[in-house]
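The listed protein sequences derive, respectively, from chains G and H. Residue 161 in the working numbering sits at position 161 of the first sequence, with consecutive numbering throughout. Residue 1007 in the working numbering sits at position 7 of the second sequence, with consecutive numbering throughout.
Bear in mind the hints are in silico, worked out from the structure with no lab data behind them. Even glycine gets a Cβ: it sits at the ideal position worked out from N, Cα and C. Errors might be hidden in some of the hints.
[As the list claims (entries may be wrong)] 25 Å max Cα-Cα, derived SDA-like pairs, lysine to any residue:
# : chain 1 : residue 1 : chain 2 : residue 2
1 : G       : Lys161    : H       : Lys1334
2 : G       : Lys176    : H       : Leu1406
3 : G       : Lys457    : G       : Thr521
4 : G       : Lys150    : H       : Thr1392
5 : G       : Lys366    : G       : Arg354
6 : G       : Lys139    : H       : Leu1387
[As the list claims (entries may be wrong)] Listed next, with one range per pair, are the computed distances between beta-carbon atoms:
#  : chain 1 : residue 1 : chain 2 : residue 2 : range
7  : H       : Ser1361   : G       : Leu187    : 31 to 41 Å
8  : H       : Asp1398   : G       : Ile69     : 42 to 52 Å
9  : H       : Gly1391   : G       : Lys43     : 53 to 63 Å
10 : H       : Gln1408   : G       : Ser115    : 23 to 33 Å
11 : H       : Lys1399   : G       : Lys57     : 24 to 34 Å
12 : G       : Glu203    : H       : Asp1398   : 18 to 28 Å
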Amino acid sequence: MKKQRCSEKINLFDLLSEEIVFIILDCLNTNPFDKKSFSLVCKSFYITESKHRKKLKPLRQEHLPAVLIRYSNTTHLDLSLCPRINDHSLFAISKITSFTLQSIDLSRSWGFSSSGLLSLTLSCKNLKEIDISNAVSLKDAGAAALAEAKNLEKLWMGRCKMVTDMGVGCIAVGCKNLKLISLKWCLGVGDLGVGLIAVKCKEIRSLDLSYLPITNKCLPSILKLQHLEDLILEGCFGIDDCSLAALKHGCKSLKALDMSSCQNISHLGLSSLTSSIGGLQQLTLAHGSPVTLSIANGLKKLSMLQSIKLDGSVVTRAGLKAIGDWCVSLKELSLSKCDGVTDEGLSYVATKHRDLRKLDITCCRKISDVSITHVTSSCTGLTSLRMESCTLVPREAFVLIGQRCRFLEELDLTDNEIDDEGLKSISRCSKLSVLKLGICLNITGEGLAHVGMCCSKLKELDLYRCVGITDSGILTIACGCPDLEMINIAYLKDITDSSLLSLSKCLRLNTFESRGCPLITSLGLAAIAVGCKQLIKLDIKWCHNINDVGMLPLAHFSQNLRQINLSYTSVTDVGLLSLASISCLQNMTILHLKGLSLNGLAAALLACGGITKVKLQAAFKQLLPQPLIDHLQARGCVFQWRNKAELDPKSWKLLLEDTVP
Amino acid sequence: MDLKEGLRAETWAKSSLAENEMSKRISSNNPCFTDFNSQQYQQKWEDPSILDYDIRINPAFQEFNQPPQNQSSLPCDPTNQIKNPFQMNENLQTNKMQDWDPKAMLNNLSFLEQKIHELQDLVHLIVGRRSQILGRPDELVAQQQQLITADLTSIIVQLISTAGSLLPSMKHTLSAATPSMGQLGQFGGVPFPPGAGLSDSIQVQNSCAKKVSNQSNPIDLVGNSGTQQNHAVEEHDLKDEDDADDGEQLPPGSYEILQLEKEEILAPHTHFCTICGKGFKRDANLRMHMRGHGDEYKTPAALAKPHKESSSEPMLIKRYSCPYAGCKRNKDHKKFQPLKTILCVKNHYKRTHCDKSYVCSRCNTKKFSVIADLKTHEKHCGKDKWLCSCGTTFSRKDKLFGHIALFQGHTPAIPLDETIKGLAGPSDRREGNEATSKIGSTNFNFGSSVPNGTGVSDMDAKGES
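Taking the hints into account, I'd like the entire structure generated from these sequences.
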């Protein structure tokens, strides 16, 4: 779109075609404010930006019509930040975006009825994706309304508990092109509804039937689906071995199968499974029957298998050995919280599956350095290692991880014996982006300095209760990891404002948790607020020295803040009221604020237009006027009343020191 | 069959005991019959809404055995009346065994004539007395009516028995002469032999006969009474659908085609007690009933199933034709498909060519011509909450989903308000229209077949409604 102006100055942007400007705009992804700044330059930029934007995530339903008119090319509408969407809003959406809208997310919204949905599905003929999860009051009439979206390809309706077979039947008949449907927790849907989906929607690729009261009856028709790739049957207690025997003829296309928590399936069912779906790549059998030799042998025939998850199951030594003997080479193995994982078994598996990329041995408390030695020596290509609470692994073993597994990107060492030597070794993993060191009591700033110097791609760092860490450690992280997005320094009692000042250089920081850092003051918080404009989550519970002075810059600069925990701080009415100016703010925890008055609280709550969840002391329930509570609830706010006694933050630590040797 | 017989027998044995119970049930249905046991049998005769042929005759039969005490006041000797039919029936019984005897027939007819004369005299007497004692208590009137009823009953029974005795003998002589067979088969509607000066009693007689043949309501409701007493037996009957023999392919000519006339088809009972006149649908039930008439009927021989007459020579297979011209089940139809049994004929005729006069009391929409169909429907009526977009209702959800899986474009219909039950779908209404379109023709047929006594029956019907 060229804009010819009468002025003599030639705007260079006028020479660019709209498509080129769009390509430039495509590059402005990193900071949501960039596009806003762009649109504020001039009218033509404003119009260009309006045309360019395809995805909208509005905050308030009140502005929906205006926003939709401005962004006329919206194809994707994410309403997950609007807790309340009434039928009028849906009417407006259906009217304005009738030709463009392809995708809508209503998973966090409530207040609409089936008539609103009907107008949406009737007029938006191009609608391909609808997420209506958590619509717990949606009934069959609503499902019938959804069925009018004839071109629908993806439908998420988890936790739509009131929908029955009849509603799902309507969807099955109406939405012939469905490729994905999630019916998780739709407890009213049974064999008949699911069976009809399988009969009518031949294009289905992905089917989530978790926790549905389905039995063997609907399985044969599901397995006749020609394109089915992903089938989730988590917690389907009605399915047993007999039904898996029916799998024999079915489903060559199936690639991923989740049968977690299916208690009625034994090795017999699983072995019949293997003979029927040879192409399976991912198998999840979490919280299932014990992984014995027979099960492991039964799964041997899955020649394409790449990933298996056995979380929470009992694993026998023989079973683990048999897994090691499979001829396939696994890429992913999850043994999280599996009872019975021993050094012997794990070592055997590790030596056989040398291509392992992801290994989860969370809470395998019996393994020691033997396992780690074998894992690190054979699986050198590991990208993800999760070994929270492997308490028998000595500190020397962690050196091996750093030495041998250079490609690690994700490392969870929460609650382990790792020390500075280990950290120094781990710092060689230059691709590391997620590092969790919570409750690692042996590490100090020295070790962390190595990480900060070498792991420049670090995005997440969890230092929860690493009591040895001081300002110097944080400083190296803040300097060496500019991409840091999330940091947890909770209960680091020695941390002061200087750490926060240094962290304020991490411009992408969006989650900051400094719970229980008594030395932090409003000054440090102000620095964070000014520097980290993308801050979304903030937890400053137990920071006694933070008061209203810290809230004012926060309210002014952190316009993206969505969640804040202010419990046990020195914030008063003024600070709370100032926070109310953050339009995004949705979630507040305000327990035990000594300086908070009833009127201040009421005013702040009223002023927070977008608030969806407030945690308050139960005492306020009686004090706050009921009409006010009703009004806030009608706006979409959920109150959580807490009645916990005031706790001393040190009590937990004392407890910890007792249990950890 | 053994089971059925047993059930029937039991039912019959109980029926006299259950009399009070039955009357209670009826009275609860119809408040004007609270005085059922006060011996107002005449009224019962004329009231089709009692719907129970068995019961209607049953008290009359009792009355024969235990005449009311105050009957002596009447001029006519009741014992004579009781005896005569008894002897007569014995004659008939023997006649049945032999070939048809014209002499015996003549005897029967003259006996009937005599009985009608007696009855005429009795009625004359009553008429005379009535003029004198106007304003007498109703009790006497009731007794008189009772007496006349008893007489009429025995006359009718004998008449039917006489006509019926012809049937088995004729079977042998006729090979494929179905039309004559049909004529003989009209024993339900055989015109009463006209006697001089008998107009009074004839009219009454005809009105009764017409009630039997003309009104499909009471006929089928007789079946209803049976259903009420023993459901299990009726369930068996229902299985014998008239289309059940579709798979069978008999070469034409390999079987004997019999065609019953519609009056015969619609007659409630085909087996009548020669003593008391009670009608039965099954011979086995009649045999059980006969036990009540004396020890001679209790012998194993009497209770046993009658031997098939020609067990030695191969029986020609019998198939049945529907009397309705143009019907596929009619033997003149190009693609004639015979019906297998008499029950098939009955059900087919009622379902296909009769008015669907039984309306479901629950939904007021579904109509049936066979009472058993109504009973079956009523069992499930109101449970049809599974509705398809095409209007079809299903009592079971899996049936609805099977239907939807089968047809393109059909979708589950969700009631606007889940609490309010949706009324019947369009398909039901359609059925109703079909039914009403048939009413005219059937009524016309009936009217033409029984020209006499229409006035009386109309009055009855009006009185009922």
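Structure-based check of each hint:
1. G:Lys161 - H:Lys1334: At roughly 59 Å apart (the allowed maximum being 25 Å), Lys1334 (chain H) and Lys161 (chain G) break the hint.
2. G:Lys176 - H:Leu1406: holds (15 Å)
3. G:Lys457 - G:Thr521: Judged against 25 Å, a Cα distance of about 29 Å means the pair is violated.
4. G:Lys150 - H:Thr1392: holds (24 Å)
5. G:Lys366 - G:Arg354: holds (22 Å)
6. G:Lys139 - H:Leu1387: Holds, at roughly 16 Å.
7. H:Ser1361 - G:Leu187: 31 to 41 Å: holds (37 Å)
8. H:Asp1398 - G:Ile69: 42 to 52 Å: Holds - the Cβ-Cβ distance for Asp1398 (chain H) and Ile69 (chain G), about 49 Å, lies within 42 to 52 Å.
9. H:Gly1391 - G:Lys43: 53 to 63 Å: holds (58 Å)
10. H:Gln1408 - G:Ser115: 23 to 33 Å: holds (27 Å)
11. H:Lys1399 - G:Lys57: 24 to 34 Å: violated (46 Å)
12. G:Glu203 - H:Asp1398: 18 to 28 Å: holds (25 Å)
In the structure shown, a violation is registered for the earlier hints numbered 1, 3 and 11, in ascending order.
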